[in-house]
Amino acid sequence: MVREQYTTTTPGTSLERPKNQYVYKIGIYGWRKRCLYLFVLLLLIILVVNFSLTIWILKVMWFSPTGMGHLRVTKEGLRLEGESEFLFPLYAKEIHSREDSSLLLQSTHNVTVNARNSNGEVTGRLNVGPRMVEFHGQQLQINSKDGKPLFTVDEDEVVIGTDKLRVTGPEGALFEHSVETPLVRAEAFKQLRLESPTRSLSMDAPKGINIKAQAGNIEALSQMDIKLQSSDGVLLLDAETVRLPKLPQGTTGGPGWSQGLYEICVCPDGKLYMSVAGVSSTCHEYSHVCQ
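Here the sequence shown is numbered in my numbering, starting from 31 and rising by one per residue.
These are computed hints drawn from the structure, not numbers from a lab. All values reported here derive from a predicted model rather than from experimental measurement. Among the clues, some could well be false.
Derived BS3-like pairs: lysine-lysine, alpha-carbon spacing no greater than 25 angstroms straight-line [what the hints assert, rightly or not]:
1) K63 to K89
2) K237 to K257
3) K237 to K194
4) K257 to K301
5) K194 to K105
6) K194 to K178
7) K194 to K123
8) K276 to K257
All chains should be modelled from the sequences, with the hints used to inform the complete structure.
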């Protein structure tokens, strides 16, 4: 740029214009200009590359106004389509699947579900492992569709709320302590067997015990004694024929005694034995059986 000097004159006066004394050049020239253009070109390339990468990431991650990829943001919460992998703990108030599919939780080791209180302490835990399913909590309850309790477990008792409890194992059910139930019944065309291999078997009821076999026999087998006791009442054997085939028999008496008839005798300790029938009772003659 050239700086010019101007001189004012009065009319009628002529002055010579002075010559230019100084000339200043303003701008960027030489290698500085080339470096500036190169830097601007580099910034333009970086801007284009960043914009291209942004577009590529948006396309690969499936970003949309409603979410990202299989993840959708709805009024009810987050909706996730397909399989997903969580590397860290997942905190949620409710997790449910779609109406036309089931919910699958899968892990290479185990699946653990924890319930915590306001202080962060674990109040309930469900651990599904490769060999065992563990539950830690005060009470475990399984309900039906209509809310009826089917199975309840706590520290004091186990409650089964179904109308029928069926045990399908070949060895039946094993109880280490007492069992209280109003009915014990076998399946149709199957035998019912109550057994105590090494101890005694006791059945108690305040209003009576009813043992019934609609098609078949009732057998009571014991290594030692079988006791039928009624504290207030009688012991009634109501049948067309009552047989005691293995009772001890007395020695046959003289001629004209038995004719194939016997009578049942009772010892003071309650033992039964058969005696050859006579005109009168012959139990006293065979009382040595009671000794």
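> What hint numbers does the structure not satisfy?
Replying inline: When the structure is compared with the hints, numbers 1, 5, 7 turn out to be violated.
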